[in-house]
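Number of protein chains: 2
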Amino acid sequence: MKARERFRAGKNFKLLEDDADDKPLRDGNTGDSKGETKQQERDQTAQLTSQIARLQEMLYAQRTHKLLLVLQGMDTSGKDGTITSLFHGINPMGLRAVGFKAPTSTELAHDFLWRIHSHVPVAGEIVIFNRSHYEDVLITVVQGMIDEKECKRRYAQILDFERMLAESGTIIVKVFLHISNDEQRQRLQERLIDPDKQWKFDQNDVVQRKKWDEYQQAYQRAIVATDTDHAPWYVIPANSKTHRNLLISTLLLEILEDLKLSFPKFDPELAKLKIE
Amino acid sequence: MKARERFRAGKNFKLLEDDADDKPLRDGNTGDSKGETKQQERDQTAQLTSQIARLQEMLYAQRTHKLLLVLQGMDTSGKDGTITSLFHGINPMGLRAVGFKAPTSTELAHDFLWRIHSHVPVAGEIVIFNRSHYEDVLITVVQGMIDEKECKRRYAQILDFERMLAESGTIIVKVFLHISNDEQRQRLQERLIDPDKQWKFDQNDVVQRKKWDEYQQAYQRAIVATDTDHAPWYVIPANSKTHRNLLISTLLLEILEDLKLSFPKFDPELAKLKIE
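Going down the list, the protein sequences come from chains A and B. Residue 212 in our numbering sits at position 212 of the first sequence, with consecutive numbering throughout. Residue 187 in our numbering sits at position 187 of the second sequence, with consecutive numbering throughout.
No lab work stands behind these hints: they were computed from the structure. One or more hints might be untrue.
You can't tell identical chains apart in this list, so a pair holds if it fits in one copy or across any two.
Unchecked claim - In silico BS3-like pairs for lysine-lysine, Cα to Cα no more than 30 Å straight-line:
1. K200 - K101
2. K211 - K149
3. K211 - K2
4. K2 - K149
5. K34 - K152
6. K11 - K34
7. K149 - K101
8. K197 - K152
9. K200 - K241
10. K14 - K272
11. K211 - K272
12. K101 - K241
13. K274 - K101
So that you can see chain A by itself, here it is in the shape it has in the complex:
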């Protein structure tokens, strides 16, 4: 079965805690030890990302498609880690990573899609959103900043916006990095004691963590409400970092391969031109 079908959320999607631990590509593929299995997954991922890098060159050369990868997930779910792990080796001229933080006062004075729209990919480009317009139907809902009516209105606005992008040649890939509550606890704890990582710790993460169940509900609703064929949601079990990277690179490669990319047509006449 194709990864696109296998990890597609779909209209009947249920967000289940236990699924965060799934490792669907690990079956029959285990090394003698856990360390060995992880190394195998890293090697497989490196293989896939070098193929992705090659296809990205073609995407960049052809300038007919645009790819938007939306990464969402709870704190510590691995959004930054995914970007660092999977997209090195890709020409930075054709790749942009955009992080969305709490909106500025200027951004708040506009509609919620205004700041998003200005960062969508141009032809030939891959853009990764590290958080996105989905925060505007997640944190806003959990914090009670918008009511039910406004939430539904925003789902509809997101559907319209994404359809317009897709109709204009954007391949939209929305990924939810699914970790369990216990995995987040461990990761936050590790962050606190690691001198290279403590700076990433934010007291607000602990505050948000107390609303874990509300966030899971908000994610499930948002995913079901906005999963469409032109802008599908993929739910990636992400308790294992190496397996998460393998899954996402498998998915991305499949999507890029389906585009049947190639370098622009070679002109044999032009090749005869003699440069003086």
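Once you have looked at the hints, place chain B on chain A.
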């Protein structure tokens, strides 16, 4: 001698064709064959770029410095190649590559620094300019689009602009990739016959190539006029791609090391916090 001193253009800079072939870091470092020497240079460069990647993490974490790398050079001088080779392995969240092409009508309706200003790095970020505001005192001069008086006015405006950026915490590194006329001829010819690269060929490159000497003069003048301690020009011999990458990574690592970067201070009290 430090790379910063060794490759600094300075006020007495003369752009000499033969220098494009220099390989100052290759002395006493040659393999048994040319292929082996190149592989050694690639390995050394990989070593340096992984150190750069580590320092970039700190730059990103600290958010006290901003780094702007300006890449200029004739067509085929290796601006894209430098970006692809040196900056993979660096977290795309803290790195942006910006290419400047012929200005749009909106951009032309503003001053020439307007579109440049909107892309300068924020704190914690490395931004690479693939071409830059220097095109506005190069192509414009060679094509006779601006006169001598306007050219001098722009030099002064560039000096003011860059001083303001430097005073606001931006480390500015301007690199001229120096190739010879014959090297360009060979590279354009190779581009034409390579099915993966022919798309990069632009008829206009041949037109511009006819004005080679005028461009060299314009570069020499611009470099001398705008080389300052806060925004120095480095002239990198670039006929050899592997050696060019070794030179630029050596230079960049030295500059980053001089910033004495570190991760934000570890707080042992915070490390005791127990995540529930």
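Consistency of the hints with the structure:
1. K200 - K101: Close inside one copy (14 Å), not across copies (37 Å); limit 30 Å.
2. K211 - K149: within (22 Å within a copy, 64 Å between copies)
3. K211 - K2: Answer is neither; intra-copy 35 Å and inter-copy 54 Å both fail.
4. K2 - K149: neither (37 Å within a copy, 64 Å between copies)
5. K34 - K152: neither (44 Å within a copy, 65 Å between copies)
6. K11 - K34: neither (35 Å within a copy, 60 Å between copies)
7. K149 - K101: Classified as within; 24 Å inside a copy, 45 Å across copies.
8. K197 - K152: neither (38 Å within a copy, 48 Å between copies)
9. K200 - K241: Only inside one copy: K200 and K241 sit 18 Å apart there, 37 Å across copies, limit 30 Å.
10. K14 - K272: Neither, since 60 Å and 36 Å both go past 30 Å.
11. K211 - K272: Answer is between: at 23 Å across copies they meet the 30 Å cutoff, but 67 Å inside does not.
12. K101 - K241: within (23 Å within a copy, 39 Å between copies)
13. K274 - K101: between (53 Å within a copy, 26 Å between copies)
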